[in-house]
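**Student:** Sequence:
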Amino acid sequence: MSGFKRKVSKLILFFLFILPVTAHADAIDKLKTFISSTRSGQANFTQDVLDKGGKKIQAASGNMQFVRPGKFRWAYQKPYEQLIVGDGEKFWLYDTDLNQVTVKKLDAALGSSPAALLSGNNEIERGFVLKDMGSREGLDWLQATPRTSETSFQEILMAFDAQSNLAIMELHDAFGHKTVLRFTSMQRNPQLSSGLFKFVPPEGADILGE
1 MSGFKRKVSK
11 LILFFLFILP
21 VTAHADAIDK
31 LKTFISSTRS
41 GQANFTQDVL
51 DKGGKKIQAA
61 SGNMQFVRPG
71 KFRWAYQKPY
81 EQLIVGDGEK
91 FWLYDTDLNQ
101 VTVKKLDAAL
111 GSSPAALLSG
121 NNEIERGFVL
131 KDMGSREGLD
141 WLQATPRTSE
151 TSFQEILMAF
161 DAQSNLAIME
171 LHDAFGHKTV
181 LRFTSMQRNP
191 QLSSGLFKFV
201 PPEGADILGE
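The numbering of the sequence shown is our numbering, which starts it at 1 and goes up by one.
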């Protein structure tokens with residue numbers, strides 16, 4: 001599996017549980033309200049990875065759905081097809097080109113990542129220091145700094161639009177790289193089929209992991 005695909009499998013876990021929240025509040029209040037009130041969601045996304053000089057080195061896009069806690073489906077459509085599914089117990093990563101499946105226990109896959117904190121309970125400040133960053137370009141921004149060094153990220157920025165939708169998320173790693181996700185067509189608490197969060201390895205696929 002390429003370095004970018006491994007990076008994708010780690011990065012996207014954080015994003016599965018952030019969608020629209022209530023209006024007329026700063027970004028921190030919107031995030032907290034979301035965690036306590038949103039049980040499911042879906043959105044389209046684009047993902048760009050920038051080097052420390054700001055040059056775009058990777059780009060991807062697709063759509064995602066989730067049901068809290070621990071069930072999610074991310075389908076990458078461009079520039080390659082890749083499917084990531086969490087069924088509540090296991091994490092499945094299917095690389096279409098390689099016909100290869102990686103499977104792990106969900107807790108092990110999430111580890112100490114932000115996704116584990118956001119999807120597990122409402123106590124986000126136990127794992128992150130939150131700081132309101134004010135408004136710019138019509139968006140309300142917050143900064144989330146991990147309290148532990150056991151994470152891939154040094155800081156995470158989130159921006160909410162006037163309708164209280166999460167519009168942009170930026171993840172900054174220790175190597176100076178920045179991953180930028182932009183969300184569109186978000187829906188909060190839609191009715192989603194349970195079949196979306198079940199995965200059966202295709203016949204003949206190589207299976208790695210547990």
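It is worth saying that the hints were derived from the structure and are not from the lab. Wrong hints could be hidden among the right ones.
[Said to hold, decoys possible] Lysine-lysine pairs mimicking BS3-like chemistry, simulated, CA-CA at most 25 Å apart:
1) Lys52 to Lys32
2) Lys131 to Lys52
3) Lys78 to Lys178
4) Lys78 to Lys52
5) Lys104 to Lys32
6) Lys56 to Lys178
7) Lys198 to Lys52
8) Lys32 to Lys131
Given the structure is predicted, the values throughout are model-derived calculations rather than measurements.
**Student:** Taking the hints in turn, state whether each one holds.
**Tutor:** Now the hints, each set against the structure:
Our distance criterion of 25 Å between C-alpha atoms is broken by lysine 52 and lysine 32, whose separation comes to about 31 Å. A hinted pair counts as satisfied when its Cα atoms are at most 25 Å apart, and lysine 131 with lysine 52 qualifies at roughly 23 Å. This hinted pair checks out: lysine 78 and lysine 178 have alpha carbons roughly 19 Å apart, not beyond 25 Å. Proximity of lysine 78 to lysine 52 is assessed by CA-CA distance (about 24 Å); at most 25 Å being required, the pair is judged to hold.
A distance of roughly 29 Å separates the Cα atoms of lysine 104 and lysine 32; the hinted pair therefore is violated under the 25 Å criterion. The suggested pairing of lysine 56 with lysine 178 holds, with an alpha-carbon distance near 9 Å, which does not exceed 25 Å. Taken as a hint, the lysine 198 and lysine 52 pair is broken in the structure, with Cα atoms around 38 Å apart against an allowance of 25 Å. Distance hint between lysine 32 and lysine 131 is fulfilled; the C-alpha atoms sit about 13 Å from each other, no more than 25 Å.
Hint violations for this structure: numbers 1, 5 and 7, all remaining hints satisfied.
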